[in-house]
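So the sequences go chain by chain: A and B.
The opening residue of the first sequence carries number 0 in numbering that gives the first Met the number 0; numbering runs sequentially from there.
The opening residue of the second sequence carries number 0 in numbering that gives the first Met the number 0; numbering runs sequentially from there.
Heads up, some of the hints might be wrong.
[Said to hold, decoys possible] Derived DEER-like restraints, expressed as beta-carbon distance ranges:
#1 A:TRP104 x B:LEU63: 23 to 31 Å
#2 A:ASP255 x B:THR86: 31 to 39 Å
#3 B:ARG16 x A:ASP84: 40 to 48 Å
#4 B:GLY14 x A:ASP255: 56 to 64 Å
[What the hints assert, rightly or not] Which residues of chain A face chain B? A partial, calculated answer using Cβ under 10 Å:
#5 PHE81
#6 ARG82
#7 ASP165
None of these hints come from the bench; they were simulated from the model.
All C-beta atoms, glycine included, are put in the ideal place defined by N, C-alpha and C.
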Amino acid sequence: MNYILHLLIMIGIYMILSYGLNLVVGFGGLLSLCHAVFYGIGAYACTLLMMKCGLPFLPAILLTILITGICALIVGFPALRFRGDSFVIVTLGFQMIVFTVLYNWVDLTRGPYGIPGIPRPVIAGYEFTTLPEYLIIVWTFLILIAVVLFIIYKSPFGLALKALRDNEMAAEGLGKSPVHLFLYAFVISGMTASVAGGLYATYVTYIDPTSFTLDESIFLLTVLLVGGTGNRIGPFVGTVFMILLPEALRFLGMPDAVAANARQMIYGLTLILLMFFRPQGIAGKYMVR
Amino acid sequence: MEMLLQIEGIDASYGKRQILHEISMNLSRGEKVLLIGPNGAGKTTLLKTVIGLLPPGNGAVNYLGEDITGDSVRTRVRKGISYLLQTENIVPGLTVEENLALGGYFLSKQELEKRKNMVLDSMEFLKPKLKTRAGLMSGGERQGLALSMILMRNPKVLLLDEPSAGLAPKAAKEIIERLDKIQAAFQVETVCMVEHNLKLALKWATKIILLVQGRVVLVSDSPKSFIQQPEELEKYFFEQV
């Protein structure tokens, strides 16, 4: 039972991440390779605010959202001058810079040693410690974020993002400012990732920089590519598929060393097959180029 | 006639290549201006500079006496200037209805609905296709949709870049003949159109501006004389280029 609850918690955290990323990748058509950075900044900011500043969970997560939003603004402003491959490379550069900072700023982040003993969330005097309690808190945040994002997906802003994705020149000619709209999407996406980061940190109670590497950014992008982008169902399908796939492999009885490699190979094979047979993802509408 | 749009000594370049050289022209209320010239003359560049997609190197654009040279496209559109791109002027992945909503991006929900109905009354062929993906429509229908999109915001000045581009003769005729009705129905005060189909466009225009190699070489208030003497135009097209 605990195992299933753990999976549901991880699915909830990854759905927050993928729904946020969907705004940039699926609606904006921008391939971002630094989503794990905002996830990481969220995890570290929330942890440090709780442990060093003594803030309770809710104020800490609100400040975390603000801090990550500012970081996304600082990154997005220069990055969104670029499109296509150049944008991907700029986000890749940012991913590498932040990872290096997290890894080497030992005084703040404890670098490779990580931060253990992160306190569990306490809301209105109640400490969420057990798995069912944590499941409730994660899925409550997921539902709140999903509702906000679904409203954004449906709003004129979401429509303008899709227009910029499909025909930037036409949208710009109609008075839509690509830099501004993409920047809003990038910041919102980063802010949602920071919530996932805060939830993850307080769930596992230990974080280190290796949880927020380029591999994680690629994994998040893969979740979207597999599930499909530009709609509400794609990120859900992708998250469930990508989280449950390696778990399914556990039941094949392979040794751990083999299973880890098999997991990577199956991810790779899944992507290749998808590109051949369903390039828009299992439940996607928009084909990421 | 009251002057709406005043372009003063505009220079514009793509990188180091200068396309427009000190272009000056005025668009007054009620005018239907036809901008003509050979390929590469700078017609599209001029429209892009006026709408703000391309910043001018020198010169100024004034709208209703106000300098709008530094304004963004968004601000100019809000002020009442709308621009129809030559090609790829719709979003093919969105439905007709979504494209129209995109055109009326700044409007409130009620205003959007009201404006949409008004536009659909003028472009009746779009009514049964509201839920159709725009990319699935014919070339003529797409141009009609593109025109509808820019009409969603109550524009005062329309800048049209070859609305008949790529259309069959019948569809091209329909679109240009529709312009007068649109101008009246939507109270558009001035239209400036780039068009290569002179046979159709000369009948429509009240003023002609001829652009050659990024310079204005002729401004005429009597397009009818060109219809009677097409060799006048040919002279500019073939001898000065």
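How the hints compare with the structure:
1. A:TRP104 x B:LEU63: 23 to 31 Å: violated (55 Å)
2. A:ASP255 x B:THR86: 31 to 39 Å: violated (57 Å)
3. B:ARG16 x A:ASP84: 40 to 48 Å: violated (25 Å)
4. B:GLY14 x A:ASP255: 56 to 64 Å: holds (58 Å)
5. PHE81: Given a least distance of 18 Å, the restraint on A:PHE81 is violated.
6. ARG82: violated (16 Å)
7. ASP165: This hint holds: A:ASP165 lies near chain B, its Cβ roughly 4 Å from the closest one there, short of 10 Å.
The structure fails to meet hints 1, 2, 3, 5 and 6 from the earlier list, while all remaining hints are met.
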